[in-house]
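Please build the complex by placing chain B on the supplied structure of chain A, with the hints as guidance.
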Amino acid sequence: MEGNKAMKNAPVLLRIWRFYLEGFRGMTLGKTLWAIILIKLFILFFILKLFFFPDILQQRFDTDEERANAVIENLTNPNNSHQQQSQEP
Amino acid sequence: MNDLFTLVDWSRAQFALTAIYHWLFVPLTLGLGVIVGIMETIYYRTGDERWKTITKYWMTLFGVNFAIGVATGIILEFQFGTNWSNYSWFVGDIFGAPLAIEGIMAFFMEATFIAVMFFGWNKVSKRFHLASTWLTAIGASISALWILVANSWMQYPVGMQFDPETARNVMDDFWALVLSPVAVNKFFHAVSAGWVLGGIFVVGISAWYLLKNRENFLAKQSIRVGAWVGLAGTLIVAYTGDGSAYQVAEKQPMKLAAMEGIYHGTEGQELIAFGILNPNKKFDNDEKEFLFDIPIPKLLSILATRQADGFVPGINDIIDGGYTDKNLKGEEIIALSAQEKMERGRLAIAALADFNTARQANDTTAMNEARARLDANYEYFGYGYIDSVEQLIPHVPFVFYSFHIMIILGGYFLLFFILILILSYKEKLPRLKWLLWVAVWTIPLGYVCLEAGWIVAEMGRQPWVIQDIMPTFAAISNIEVASVQTTFWLFAALFTILLIAEVGIMLKQIKKGTEQK
Chain A
-14 MEGNKAMKNA PVLLRIWRFY LEGFRGMTLG KTLWAIILIK LFILFFILKL FFFPDILQQR
46 FDTDEERANA VIENLTNPNN SHQQQSQEP
Chain B
2 MNDLFTLVDW SRAQFALTAI YHWLFVPLTL GLGVIVGIME TIYYRTGDER WKTITKYWMT
62 LFGVNFAIGV ATGIILEFQF GTNWSNYSWF VGDIFGAPLA IEGIMAFFME ATFIAVMFFG
122 WNKVSKRFHL ASTWLTAIGA SISALWILVA NSWMQYPVGM QFDPETARNV MDDFWALVLS
182 PVAVNKFFHA VSAGWVLGGI FVVGISAWYL LKNRENFLAK QSIRVGAWVG LAGTLIVAYT
242 GDGSAYQVAE KQPMKLAAME GIYHGTEGQE LIAFGILNPN KKFDNDEKEF LFDIPIPKLL
302 SILATRQADG FVPGINDIID GGYTDKNLKG EEIIALSAQE KMERGRLAIA ALADFNTARQ
362 ANDTTAMNEA RARLDANYEY FGYGYIDSVE QLIPHVPFVF YSFHIMIILG GYFLLFFILI
422 LILSYKEKLP RLKWLLWVAV WTIPLGYVCL EAGWIVAEMG RQPWVIQDIM PTFAAISNIE
482 VASVQTTFWL FAALFTILLI AEVGIMLKQI KKGTEQK
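Chains as they are written, first to last, in this note's numbering: chain A, -14 to 74; chain B, 2 to 518.
Pulled out of the complex, with its shape left as it was, chain A reads as follows:
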């Protein structure tokens, strides 16, 4: 009871922190699920995004103008752009 009373008198941020902390501590199945979420997010953002999914236009061109020109080139000469593609390293 006294713990609850002390909790109610604590600052809002501290109460929110304790709410989450106790919630996480009290989890059973939730711990497994959080492990799955964290592993999944790690794979998505630190492996797939970094090594396999670069933003092609961001990577190959420095400015938006260059990106726009590249897309216009692709759109207006689609066959040329795909021939260039096979010659790129």
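Hints were generated in silico from the structure; no laboratory data involved.
It cannot be assumed that every hint is accurate.
To be verified - Straight-line distance between alpha carbons at most 27 angstroms, and here's what the computed DSS-like set of lysine-lysine pairs gives:
#1 A:Lys16 to B:Lys289
#2 A:Lys25 to B:Lys509
#3 B:Lys221 to B:Lys434
#4 A:Lys16 to B:Lys221
#5 B:Lys299 to B:Lys289
#6 A:Lys16 to B:Lys512
#7 B:Lys127 to A:Lys16
#8 B:Lys429 to B:Lys53
#9 B:Lys429 to A:Lys16
#10 A:Lys25 to B:Lys513
#11 B:Lys513 to B:Lys283
#12 B:Lys127 to A:Lys25
Showing chain B alone in chain A's frame:
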């Protein structure tokens, strides 16, 4: 050209794989969220602790599905930047806004209230907890709204202007985008389909408990809630499905023709309730369309035009043109032939090239002249990439059978929920073992139906990634096929592991029942 199509095919396969897996998790979140909200509302109103137990039980399964499924959709956004960079740049401003709103909404609403939903029992008031549960369910639906708005724009591109200087479509009417009839129908159709799946899931698992003579109170009460939500969902799905078909008839007639396997349309067009397509039928031969079919006279005309004798064009009609059609502004026009559209598209592409050349030369007069030509032909821009009219026809058998599987299963779900509700209120359900097993095996059918719906929507609109404006093969990035193949198999492995994890954890929780709670 073969390499190009290999690259396109692998990129499409990868996107389809990701979307199909993502769509395994999303609808259950949408449906179970609402069901859990209703159950907790009953607990809040009655104060009956047994309803709290029921709510917490289904909330656990909701949590499993949410945890495994969350962020699987983000991979689709990765693919836009890597595999579909032309597309991504071309639509950036329009696609970016709804997806950014989705990200913020999803984070703030779901992340905040889902924590209260799971951690807040006995820590916040019953009223605040109930509100958090409903806000989690509503937040999931609002997240879906923005994704579906973006998707609908691809099917019916409105509310934008093309800027030839940046090669981007720029949003000029946010509300035209959000409130387009395609988006409105698609949103309610997809969300209510989630209710159907949620209902099937709850009824099926509850039926298993009745078969095992376990958790009887939970099972009987859950079946009623699940079946009511499922029935409501099925009726909304049917209503919005009709609205969607009407929109498809107006905005994507080729998709409708493929859905129904029509090559030569007529006034008073019949609807094929069931049919087996003739595999030898092509648009340029005189083979019969069906080996066997059960048609319903005039029904497709009524559904597509709201008139019993309305004309519904078939694949050949759309290629040949000459019938009365509507343009994007809703004005009546005589439909152009595919060849005419292809010529207009080439004019638009040439105008864009001329504009770009004039811009680099600072020739304002030439820029204005090219801009005028581009604007006059822009609605057919994508046709300029089409080499032969055959490319304009989607894969008819895939679309036709997916559509009919969806419709037949939808009809089955309607009867299923009505039957379950009647027998549940008559207290006869626990004795009907065969029906309980049917309920259990209806769960996979729910997933089949929902996936079939997306296949119709996405395969049916091919070759377009943006209807009439950009074909899929023009949207692709200049990357190596091998890299797309590699990531395809990486995704296949990752998602399969996630799916196995979900099914495994779910089964464990179902077997456990409420014993721990």
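Which hint numbers does the structure go against, in order from smallest to largest? 1, 4, 9, 11 and 12
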